[in-house]
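Model the full structure from these sequences, guided by the hints.
Protein chains in written order, with the UniProt record's numbering: chain A, 1 to 325; chain B, 1 to 1009.
It should be emphasised that the hints constitute simulated quantities derived from the structure, not laboratory data.
A hint or two may mislead.
As the list claims (entries may be wrong) - Derived contacts from chain B toward chain A, CB cut-off under 8 Å, selection only:
no. : residue
1   : A590
2   : R591
3   : V684
4   : V686
5   : C691
6   : L693
7   : I776
Said to hold, decoys possible - Chain B is nowhere near these chain A residues, computed Cβ spacing over 10 Å in every case:
no. : residue
8   : E98
9   : K143
10  : R214
11  : D244
12  : N257
For each residue, glycine too, the CB sits at the ideal point set by N, CA and C.
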Amino acid sequence: MVSVISTVDTAHEDMIHDAQMDYYGIRLATCSSDRSVKIFDVKGGQQTLVANLRGHEGPVWQVAWAHPMYGNILASCSYDRKVIIWKETNGAWDKLYEYGNHESSVNSVQWAPSEFGLVLAAASSDGSVSVLTHNDGKWDSQKVKDAHAIGCNSVSWAPAVEPGSLIEPPTGQKPNLVRRFVTGGCDNLVKVWKEENGEWKDEHVLEAHSDWVRDVAWAPSIGLPHSVIATCSQDCRVIIWTNDEGTGSTWTPKILNKFSDVVWHVSWSVTGNILAVSGGDNKVSLWKESLEGQWVCVSDVNKGEGQSQTTQSPAITATEPQPEQ
Amino acid sequence: MSTRWTWTAENVSIQNCSESQATAMALDSTGDFVLLAGRRGIDVLCLSDIPHCKPQRVKHKTTMKWDISVAEWNPHSEQKNQFVTASNQAADVFTLSESEYVQAMSLKAHTRTISDLNWSVFNPNLLATSSVDTYIYIWDTRESKKPASAFSTFAGAGQVKWNKKDEHCLATVHDGDIRLWDKRKGNQAVKYISAHVSKIYSLDWDPNNQSHLITASQDCSAKVWDTNNEQKAVLEIRTDAPQWKVRYTPFGDGLVTITMPQLRQREKNLLMWSQSNPAAPIHSFTGHSDDILEFQWRPKDVSSFDYHMVTWARDYTLRIWRVEPYLQRLCGVEVQDLNLSGSSEIEILASPPKSGSSLSMASSASPARQLMGGSNDLMGGGGVGDQNRSLSDLDESITSLEQEFKSLARITPQTTIEPVSHLTSFFSFPSLCFLSLIPTYSATPSLYLYFFSVSFPFLHRTFSDLGSRSCQISASSNRHTIRMKMTFPPQYPVKVSPKLAIISPTTLDNQTRMKVLEVLNHSCMQQVELERFCISTCFNQLITILEGLQLNSPSAMNGSSTKGSSGGQVTSSYGTASDKNIPFPRTSGARFCSTDKLVMFTRPNSMKKSSTIFQATPKALSALSQHRGQQNIQSTRKENQEGLSIARFYKERENKHRRGGKHRRKNSDVTQISTSTSQACGTVFVFDTSCLLPIHQKLAETYVLIPDDVPRMCSLNANAAAAVGRKDLLQVWSLASLASSPKLSPYSSPDHERPWAKHPMGRQLLKSLMDHYSSIHDVQTLAMLSCVFGENTRPRGDAMNSPSIQRFFVSPDSDSMFSPDWIIDGYGHSSLPESPDDYKFGQARNPEEMEKDIHRANMQLIDPSQRHQLDKFKKKYADILYKWNLLDARAELLKYMSYPERSRRSQLDFSDFGIVCRRCKKRSMSVQCKECKKYAFECSICHVAVRGASIFCLFCGHGGHTQHMLDWFKLEKMCPTGCGCVCERESQRACEQDVSCSSPIMPTVSAKR
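Right, here's the structure in full:
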């Protein structure tokens, strides 16, 4: 059974737009329309408010935790066109850096895999994507202009993979990690970006959604020779894109499901075999790829109609994974 | 350069004409009549009375079997009531007779579909038609039996266009080629231009230059050609989609193109370009929701500064776009002084109120109708939209300010149209005082008077004076009176906010006055920073403050104003129409975090019921303002206090859902709304999803790695797997135990029997196991198996088998002051055997050795070429172990990596420190010299040989026991030996120069015993 281990009453004064836990699963960061970001300690079912970060002047859309090897760092992005990077020093949370070079709401932030250093990507409604890199105490920013017409809604980094590494044993020299990320935008497109000589180029443009792409998520790699991206859209569809590294450069789409409402969010489990899908209908469902390659719903985190009377933990019905073999 | 403009309803007039399902549109020479022709019929619309106009249906004898491919009005004023349509093989000419259009003739000669037709610019009777039957005919409408002349080619003609300056010349298009004809020489084309590589869809002659024409093609480009020099295009405009239509603008050097919609991307199809800058469009007309089929320019009205373009799209809307002077200027037009406003034209063109608001007006009871009577034009246009129009052109701002003043009066009608009952109910408002509004500018003040009074139960009085660019707002409640003057600098609203002043008489004391100003200035600043107009924001703000003053005692003002100055009132600044490209925020969602946590956030209980059946989840944030527009008066009042919020959106929706058909509206709604604000956000749930994952923390804790006794390790792990109920893993570990039993261990010589790995139950079995666990993403099992059977079945004791190690030797005895005596020992010539893969065939090597190598590779139960992938499994699993805080297990696991972890920033991949023996001067990698068996490194403090952890200076090489050195350098800076070296500094420098290690200043040698 999927079980609730803690319920956190955030006491935000307005709607919550994102909630994420850190690398260890100890701390919870939430952000809300009330312009604040809150950090809770949720160890052992207890919740303690660690920090209430104020600094944004508009609703805060998304938060992202950096890898702990760089310290306790949180990034947040907001309607106020700003990205703020917060850092904990000696138990106190403070603004580490504020980035305000976007011309419209910043909708999504994500940290690059730790292998690349402290690097953040931010996607904005002005159509551009910013890549912020921390170098010797300074933040360098690089802007991918006109990444998406009308606006860019979401960004997700590819796991750090060495090119061709799974086939050829690496030679002596330092591996050249290729940096890639995927973005989704209001032009209904999904674009895969690759860094070449310090420039970001769109390597692939994936076209299948018929409305705004709301979220993209690059699946974590466990070492298998293919890449997977999940995208969801205003058109109520979730599409899984796969790219076999061996066979080259095409991304094959596969529609996971068409939902009854807008799909807002997709998220991969750490092993990349389960996808959590959530959308405008206030419901969450978990999807798993069967051995035959079909995507099946393994669980419905259903908080929809009929249960609104109680604040009881939502019912999750999940099937135990079948013991294989 | 490309700018995205938000065009409001003011600029665009929409006429929904889905009846005829027209495929062709044509504008007559006066610009007043629009012809919409489709299979269902032909309609003529009069644009000059657009809100009320009724399409006039053209009588058509034959039932339409075919779509009408093209239609055109006769451009000559003497024949202005004549038009021609082409449907399949025939071109039908209609003329107006006795207020009805009747078919005058049918021109039939083509044998295939007519692709295009064009009236001659010089002769009102001449008409050219082209067809895919390869013929181009010129007809004289006085003799309709047969064409006056005919041109023939071997390729079908797609377009035909008369030159606008030369009466004899016409151009036709054949796939990617252009042919120019002289109508007097029918047998052969005068010129031939090979223009595009793929099909040309559109051609237009330059209205000002006889020899220039432009073509738009499938190949995503539009090219301007000079007929005198057909070798090369004069200009090329590239887009990322095929171009469907191109036309010169009637002003300047502009061009307008329609690009063929890329799949489902119809936002920016209609682009305006300037020939002086073919790189980027200067404007994109957005609004149509489907393919744009046709566009035409209206002849300019002398009194107007704007040009109007009429477009017809597959969404069956007709839009009229106002091309304002600033756009014309971008096309190189010298525009005269614009202080005279051409706004009368705007008003006529203003669209009928959207969203059926006028309908509800009309259907409602009489007072409203009286108020509304004949004032449609003033009501027109989305007044709210005005304030959000961005603007960069300064000359424009005068007209815009005027519009803003107007919009000030208009904002209210927008929100208060619906129920008439409230128009009467305001009389019972207890706090209502008398209200009067005297806009010096508006023609019908009474209208606004009423609406203002309904919305705001305070007295308001605004004077706006366009000449001095200022306006006065006065508002009063029964407790307070505020009069405020706003002066607008010329740059307003581009980053310059209006000057606000509270003028006497006012009942506010000085302190409150300052605070009010502060709040108002703040919100104005926020608006103009975004280049938005701010009067209405200011207005709302003022009302909020007044209400605050009214409801609470004056002391409560402190609270509300501080809230305001800290940005507390910005809520009203989001969710407006300009946010139409910002996605509607997520209000629920779930995210996997850490390893097995699923964090879920939801909407609060009060808003949980998703009424998706009734209303779809909106797409963009701007839905909030549209939503607000639909709200009734009471909630409008409330929203002025609260501004827009997403929570509010859901609440309203919820309420709408809840109140069924019977109780349409209840007064209790308001109270309901206010009471249900108790819980503003939902709870965040953290789920444990470990049961769904293929990996187990429990297993990670109990799994062991025993390099020396693999069978035992396997059986221990099998027990562990059994304990968590993974029967499959129990089996795997049992198999692993068998496969790794010493009985099966291969012989070292290749001449004995085949190694077990070559047995079907060897490598193949393992491969199928790995494949299976790959497919279920069980990285834990994969990593464990790769540790057991991978090539490094023994943990890497020595990190020397990587070729990219640099090794440093430290000579503790060096007396040479300031001279580093450590030797950089190039790429490792290590004594350990290199991995078999590093051997390449073709090198001159002993065949026996090669055989041994192959044998060694064959001995492995996992193909050594997969080594790198195995490393990835381990790395990923190590990362997961880290998340579980199982650091020991992680360290154990990482020992099995076939390549050392590489430090990200280090220039060197790996560095290692050795010692030069102080006696025999031999290099040694351990503390004990291999030659003289003496301890090679002596502590500089206690002069005892160092066996354990040591620390030394990279520069002078002196050092010793870690603890001793740390204690020493707590107080001292210089080397304890007195060699004069400032160790800390020098080591750091050495680090930066050569080693660039991320470790502390002094490297630590973990010496091996």
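Results for each hint:
1. A distance limit of 8 Å between C-beta atoms decides the matter here; for A590(B) the minimum to chain A is near 4 Å, and the interface restraint holds.
2. Satisfaction of the interface hint for R591(B) is found here, the shortest Cβ-Cβ separation to chain A being roughly 4 Å, below the 8 Å cut-off.
3. The restraint placing V684(B) at the interface with chain A holds, with a minimum CB-CB distance near 4 Å, inside the 8 Å limit.
4. Proximity of V686(B) to chain A holds as hinted, the smallest CB-CB distance being about 5 Å (cut-off 8 Å).
5. With a least beta-carbon distance of about 6 Å to chain A, the hint placing C691(B) at the interface is held under the 8 Å criterion.
6. Against a cut-off of 8 Å between C-beta atoms, the interface hint on L693(B) holds, since the closest Cβ of chain A lies about 6 Å away.
7. Interface hint status for I776(B): upheld, as the beta-carbon distance to the closest one in chain A is roughly 6 Å, under 8 Å.
8. For E98(A), the non-interface assignment is confirmed: its Cβ lies about 15 Å from the closest Cβ of chain B, beyond the 10 Å cut-off.
9. The non-interface label for K143(A) is consistent with chain B: the shortest C-beta to C-beta separation is roughly 16 Å, beyond 10 Å.
10. Distance to chain B contradicts R214(A) as a non-interface residue, since its nearest Cβ pair spans about 6 Å, not more than 10 Å.
11. D244(A), annotated as away from the interface, keeps every beta carbon of chain B farther than 10 Å; the closest lies near 13 Å.
12. For N257(A), the shortest C-beta to C-beta distance to chain B comes to about 15 Å, beyond the 10 Å cut-off, and the non-interface label holds.
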